[in-house]
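Student: Listed below, chain by chain, are the residues.
2 protein chains.
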Amino acid sequence: MRDFLPVDVRRRQYVIDVVRRTYERYGFEPLETPALENIETLTGKYGEEGNKLIFKVLRRGEHESSGETDLALRYDLTVPLARVVAEHRAQLPKFFRRYQIQPVWRADRPARGRFREFYQCDVDAIGSTSPLVEVELCAAVTDVLRELGFADFTLRMNHRAVLSGLLHAAGIDASRHGDALVAIDKMDKIGRDGVVREFENRQIAAACAERLLDAFTAGGTNDATLARLRAAVTDDAGRAGVENLAAIVSLASPTSAGPAIRIDPSLARGLSYYTGAIMEIAVADLAGSLGGGGRYDGLIGMFSGEQIPACGFSLGLERILVVMAERAMFPASADAAGPDVLVTVFEDRDAARTAEARRQSLALATDLRKAGLRVELYPEADKLGKQFKYAAAREATFAAVLGGDEIARGEVTLKRLATGDQESVPRADVAARIRSAASR
Amino acid sequence: MRDFLPVDVRRRQYVIDVVRRTYERYGFEPLETPALENIETLTGKYGEEGNKLIFKVLRRGEHESSGETDLALRYDLTVPLARVVAEHRAQLPKFFRRYQIQPVWRADRPARGRFREFYQCDVDAIGSTSPLVEVELCAAVTDVLRELGFADFTLRMNHRAVLSGLLHAAGIDASRHGDALVAIDKMDKIGRDGVVREFENRQIAAACAERLLDAFTAGGTNDATLARLRAAVTDDAGRAGVENLAAIVSLASPTSAGPAIRIDPSLARGLSYYTGAIMEIAVADLAGSLGGGGRYDGLIGMFSGEQIPACGFSLGLERILVVMAERAMFPASADAAGPDVLVTVFEDRDAARTAEARRQSLALATDLRKAGLRVELYPEADKLGKQFKYAAAREATFAAVLGGDEIARGEVTLKRLATGDQESVPRADVAARIRSAASR
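Protein sequence lines, in the order shown, are assigned to chains V and G. If you count by our numbering, then the first sequence holds residues 489 to 928, one letter each, in order. If you count by our numbering, then the second sequence holds residues 489 to 928, one letter each, in order.
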């Protein structure tokens, strides 16, 4: 886990502001849930591997010595959303559209862009099975990435029922679909031949693998892929899945997501709660994805009893930040940290004059702050040269000097730190002078 | 612990934005630390009572069954700051000024405005013992409260060395200062006579209590209180403390904090790490405080070995929100949640025309979002009346209708939901029409 120093927080805040602003434009509303959930809310939702990665909290007080746990740290933002919808249904709109930007915790082995505490930016739409939902989610995510400066990404899209239909059509028994998907998920790493060997290891006929991999072969337009799927998938649920994908692609055409969506029959996504369309963001030259999502029409029902359809998308803040840093995608405004002006303090041999000079410096700082400027006040009675040096190190635009002479004349000396230029400015004009010169 | 539904998050975000903007104007920079700290970082920092309230996290993997804990949830923002300063000293400015707005967790019994997960808004200045530091912190906090609309608050201020000096002058042995302070801390609840009885119960002479309570008696100007303290405090450290308070009050006069500061010799503050000035915000008609702080010149040294002076102020977000809600202090903008427009979808008996109408609705939503408006798209093929009803419940300003007729004419019907007025607007003018009518 990491500390975020000011430069880190500013960059994170920049990305979060873009995400928030974009999702608000789509009518999504903010939700926040507690870091701690009852342990039974989380267990059994993330598969066996996930269970092991949950941080569990010891009971307090007299129960502490028992070693028992009753609470656990949030593991994702989807399960808490499902709990909230079941719990607060009456207070929420029927088509609840929410975004949530909060940290989650997983006791995973840290790696590049993977941490034990990390932020997810989730956006979900509850209450409708309409393909308009998938389209709007894809468009919102596309707008976020475009506004951050990503141009080379693809929204890979598949459908759980299509995937099952392809496995079925390839002659793989439903009981072996999980095994087959695990093998297929490794395609990126082990290649086509590796997948065929994996199938053999798992006692699934190599011929099935070959048939399946032909169906998976990407390339061509979405229309060509859909035509191939229409020919390959023969079961009713699978056919309905193909037509759902076709509807999403067609509806998406007038939105920003239109050019970004690519039907990819090999996309699987790990989480078991998906029931319909699934999506994942692929960026050129980057292993792994910046985020993903899909439709999960059964999860909320696990909490409420009532089946409520839902679909969502999750962006991984840390991976986005890693890529943006590597590609130098942050605008100067996200990195500008220094104050507009550092107000120096003046030391006199006479204690009363020193006190008066400090009051004057404080009064100047007060006025400049009222004018909306970012002002730092030097706190110690150091020599002016040392104060200037500090101002430069803080990347302040100006240093303001208010010594005995300046106070007597009703003026302030402004030193532009980048150039060393100094000028005397009437006290009343200082704010305007700094504002006109400050680049931001 | 609580879920924050959209209306809650908006209000929290409003307050946090004011805090952040104000602290930035004072040259404070954002810091964020992980929710989980090593358990030894936290233990022994908050007193015996505090230790019991720390949420402890079970070790993972093979160690899980041992019942041992190695991590703990952040209990405040001051100890993590001290750890960060010790750990990242070389990367931080000498006079590091930081703000931090994050949740902390305490296994406390919940009460009104007190929760087990709650946000603190901390602001701290590291590296200087100058009274300018206290003044700037008080001014920043005052600006935050004023901008939120608080007018009736006081910054109570005292000094740890003055407090010790008063206890000493009252004839209480240093070994009994802790006991005496616990009794004095109850003055609000049990009154003067109660404190005298508490002293007797603790075997401290009642005469000491009387002498002390005379010195504590508030009232009069800060100058009058300082004069009383100069007469009452006789030890060197205590005298230096009185002059430190005098310097703070004098320097604060040109800042917003000037009129708010009230020297109050009875202010104690529980935390043991304070070494100098201590502050607390009192609001009329409100038991408890909205926040407090003080100087702690020894805490960072517990992590770094090197003594580094520090002073800070912490605002309690939840109490501020409770009071603001009770007093209806939120501006309309903080509560405005509805979209600018809900775009309806049109259903035709002909599937192709329905699909085309949906694409048109999506295209309109896309354009309006590009224009910066907040747009919600109705997802289902419901009757128009039902869609209008939903738009009104969502507190949308407008509903936009794009049926077959409108599409043919290149127009959109805009319905203003508050009045029911409808008008036909050329497709290209819709964004401008909504923007000119939207109140925010």
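Hints are computed from structural coordinates only; laboratory data are not their basis. One should not assume that every hint holds.
Copies of the same chain look alike in the list, so a pair counts if it works inside one copy or between any two.
[Claimed, not checked] In silico DSS-like pairs for lysine-lysine, Cα to Cα no more than 27 Å straight-line:
# : residue 1 : residue 2
1 : K871      : K677
2 : K582      : K674
3 : K540      : K674
4 : K877      : K533
5 : K677      : K582
6 : K871      : K582
7 : K582      : K858
8 : K874      : K582
9 : K533      : K544
Only a predicted model underlies this, so the values are computations on that prediction, with no experimental measurement involved.
Student: So which of the earlier hints does this model not fit?
Tutor: 1, 2, 4, 5
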